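If you read the sequences in order, they're chains A and B.
Per my numbering: the first sequence = residues 15 to 594.
Per my numbering: the second sequence = residues 29 to 240.
Everything labelled a hint here was simulated from the structure, so no lab data went into it.
All values derive from a computational prediction rather than experimental measurement.
Check each hint, because a few of them may be wrong.
Among chain B residues calculated to face chain A with C-beta under 10 Å, some are [stated by the list, open to error]: (1) 74; (2) 78; (3) 93; (4) 133.
We put the CB at the ideal spot given by N, CA and C, even for glycine.
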Amino acid sequence: MSEEVLVEQKTELEERFPEISRDERKGYAGFIVPAEKLVEFATGLRDEFGYDFLSSVTGVDYLPEEKLEVVYHAYKTTGGSELVYKVQVPRDNPVVPSLTPVFPGANLQEREAWDLVGIRFDGHPNLKRVLTWEGFEGHPLQKDWQEPFYEEDGKPFKSRWPGGDVIRSEDNNPFNKNVDYPEGFDPALWEPVGESAVYAGVGRLDHAVSETALSTDQIVVNLGPQHPSTHGVFRMVVRLEGETVVDLEPVMGYLHRNHEKIGERNTFLMNIPFTDRLDYFNSMSNNFGYVLAVEKLMGTKPPERAEYLRVMMAELTRIVNHLAAIGFLLNDLGAFFTPLLYAFEERELILDIFEAVSGSRMMCNYYRFAGMARDLPDGVFEQVKSLVLDRLPAKIDDLDTFLTNNEIIRARSIGVGVLTAEDAIAHSAVGPVLRASGVPYDVRRADPYGIYNRFEFDVAVRYHGDIYDRYLIRLDEIRQSIRILEQVIRDIPEGPIQEGKPQYQVRVPAGEAYGRVEGPKGELGFYVVSNGKPNPWRYHVRAPSFINLTALGVMGKNYKIADVVSILGSIDIVLGETDR
Amino acid sequence: MTDFYGKGLLKGLGITFKHFMNTYLEDIRWLSRGKRRYFTEEGIENRKSIEARGIFTVQYPDEKLPVPEEFRFIPFLIYEVNGDGEKQDRCTSCGICAKVCPPQCIWIERTNDPDTGRPVPEPKEFYIDVDICMNCGLCAEFCPFDAIKMDHDYEISVYDRLEKNIYNKERLSRPVEYYASIRPTNYNREEAARAEAEAKKAARKAARKTEE
């Protein structure tokens with residue numbers, strides 16, 4: 015029935031916008047919108063059809079067709095599946111109108127598409143590179159761009175077998191032991207060209223002079239790279255009026271290794287352990303999102319027991335993440351390490367379970383296409399059971415008593431870093447950040463994947479949108495995860511954990527697929543394009559940490575500089591995922 | 029219920045105090061039972077279990093956490109010693125591990141028999157660049173001969189990474205007994221499966237013979 019409704023609505027959409035055409039390539043879906051009609055289409059879609067949430071903006075290089083494509087995934091915040099629309103532009107003049115005025119959440123994503131794929135966005139307020147540095151040569155995700163020490167387009171490389179002529183990777187490196195500068199390079203004369211561009215970014219002031227009676231100057235301060243309580247190699251450039259933040263710009267890319275290019279060189283299977291390294295706190299849910307996307311392309315599904323195991327691991331990792339997030343947030347608020355270590359005690363016990371099932375505490379690499387790597391070893395199920403049923407609920411209550419009514423925490427976090435529901439949606443914020451602003455949007459409920467439609471749980475929601483609510487919502491979500499886990503423990507059946515025989519070279523039919531899960535940090539999506547070859551043609555990660563930072567500027571403005579650090583902590587970013 | 033400023037703080041401090049005291053209470057309990065909580069296997073097991081109260085850290089390297097059977101760190105190659113006392117690699121240099129390896133850190137050198145010109149099953153050389161290895165375990169998972177497995181030894185730091193971090197066949201080889209000792213469950217399962225397959229093969233052979 016739902017299928018019919020969908021088709022009907024789409025024809026209505028086509029009537030409203032006669033310029034759009036259906037994407038009729040095999041394995042593809044959605045609409046192709048002419049570039050000049052894009053803004054009108056997106057606005058209409060938001061205002062008339064309810065697709066108010068622009069989740070993902072992806073650039074794709076179709077080299078054989080001499081085209082670059084921008085793929086937009088739009089959703090309704092009331093729930094439902096995606097509406098995909100695309101804009102195709104010629105490769106020699108790739109200009110697409112920017113959607114930033116309509117959806118501010120497209121800001122960082124369009125910058126990323128410019129940076130990595132080389133698509134220019136007309137009307138973007140601040141179109142400069144975001145993950146690589148200003149002055150970087152070329153756009154690395156274009157298909158004809160080759161990295162240093164390039165061997166072949168796709169793995170496995172032929173030199174590995176049967177020749178076996180070993181090369182130490184560092185011998186390839188012109189820097190070798192990393193102590194020599196390249197010829198003709200003098201570090202004393204080097205001027206970082208990108209810096210002035212960054213400072214110009216925060217110079218976009220609505221009011222040029224001080225608002226107070228005193229004639230004071232506004233100054234630009236670099237918070238980072240590093241410190242802002244060391245969530246990672248992150249940097250904020252802020253413009254200050256006294257102690258108050260007037261403008262703020264996140265600067266990132268210090269941990270950039272072009273995960274997506276590596277992903278396109280890899281075979282489909284090889285990408286699973288690489289996804290572990292994105293958000294290294296939650297390798298289980300990273301695996302989950304990626305295998306979902308590839309399974310959509312392959313048209314397979316895991317057996318029952320594997321479905322339950324997937325949910326079990328995903329919920330355990332959510333508890334791990336939220337415990338760590340709360341602990342680090344308290345670090346930022348000045349409660350140095352005591353709460354964090356209390357949280358880590360429970361985290362350790364869960365990581366022990368991960369280690370026992372997958373072989374590694376953090377880099378789990380446990381999910382496989384249409385199955386799992388292995389079944390639970392003896393005794394682990396009992397371990398999970400006693401942990402979830404006997405220990406965790408009491409420990410979470412302990413943490414609650416420990417922190418929630420603490421006067422210092424309340425003073426530092428209530429009413430600070432407020433993000434309104436409208437702003438949150440417009441800035442494509444996801445996960446706890448979105449739900450703490452009063453939008454009850456959870457992918458597990460809004461667009462269920464796996465077997466999440468079988469479980470009873472509440473979508474945690476809080477309404478003030480401040481740091482305190484973003485802390486509380488994480489406690490709420492841990493409790494909901496425990497609820498789900500109780501049902502998993504009750505219902506998990508015996509049986510096989512892998513559909514068919516495990517294969518190292520899977521056949522993935524040509525087409526595109528977008529798999530998304532509600533990761534602990536928010537909607538984590540994987541956009542995979544296959545052309546039927548062993549390596550994906552395009553592999554894109556919709557990283558919640560990265561896109562949530564779009565809203566950092568809005569959250570941080572007009573608060574004190576000391577609050578900005580805890581506001582950043584309340585978003586809960588992991589740089590492995592932000593910088594990719 | 030009366031509320032006063034600082035109540036939340038005091039309650040929170042109560043939790044901290046409980047954590048602090050738990051360590052000592054637990055120590056006293058262990059002492060009264062005449063058991064040692066530190067530097068004993070039993071003590072470490074307790075501190076990492078869900079019964080852990082108070083302190084839960086271990087004092088590495090004097091105390092080491094036991095690793096679970098599935099723990100994986102750097103692959104090794106298995107050899108068996110045959111009746112003549114010769115080492116025999118299980119590896120047949122089929123190259124599946126090198127093909128499945130995500131960071132491509134495995135190099136296998138296969139040779140041909142000079143007389144027949146056909147490939148020799150045992151690899152001539154086998155290299156793993158452990159600087160690049162990401163410990164994902166895919167090679168062990170997809171090896172059809174159970175010839176490459178993941179190790180438990182995580183203390184492999186060296187002074188000279190330039191020379192010592194490319195492991196060759198000699199450095200990688202371990203006897204099958206070592207494998208059976210670190211992964212007994214897996215080993216027994218694989219042996220049972222192999223025995224079963226062999227029995228089937230023998231049965232088929234016998235059936236064919238009777239037909240003739």
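Now for the hints, and whether the structure bears them out:
Annotation: interface hint on residue 74 of chain B violated; nearest CB of chain A at approximately 13 Å, more than 10 Å. Because the smallest distance between the Cβ of residue 78 of chain B and any Cβ of chain A comes to about 5 Å, under 10 Å, the interface hint for this residue holds. Interface hint at residue 93 of chain B: satisfied, since its Cβ lies 9 Å from the closest Cβ of chain A, which is below the 10 Å cut-off. With a least beta-carbon distance of about 9 Å to chain A, the hint placing residue 133 of chain B at the interface is held under the 10 Å criterion.
The structure is inconsistent with hint 1 alone, although it conforms to all the rest.
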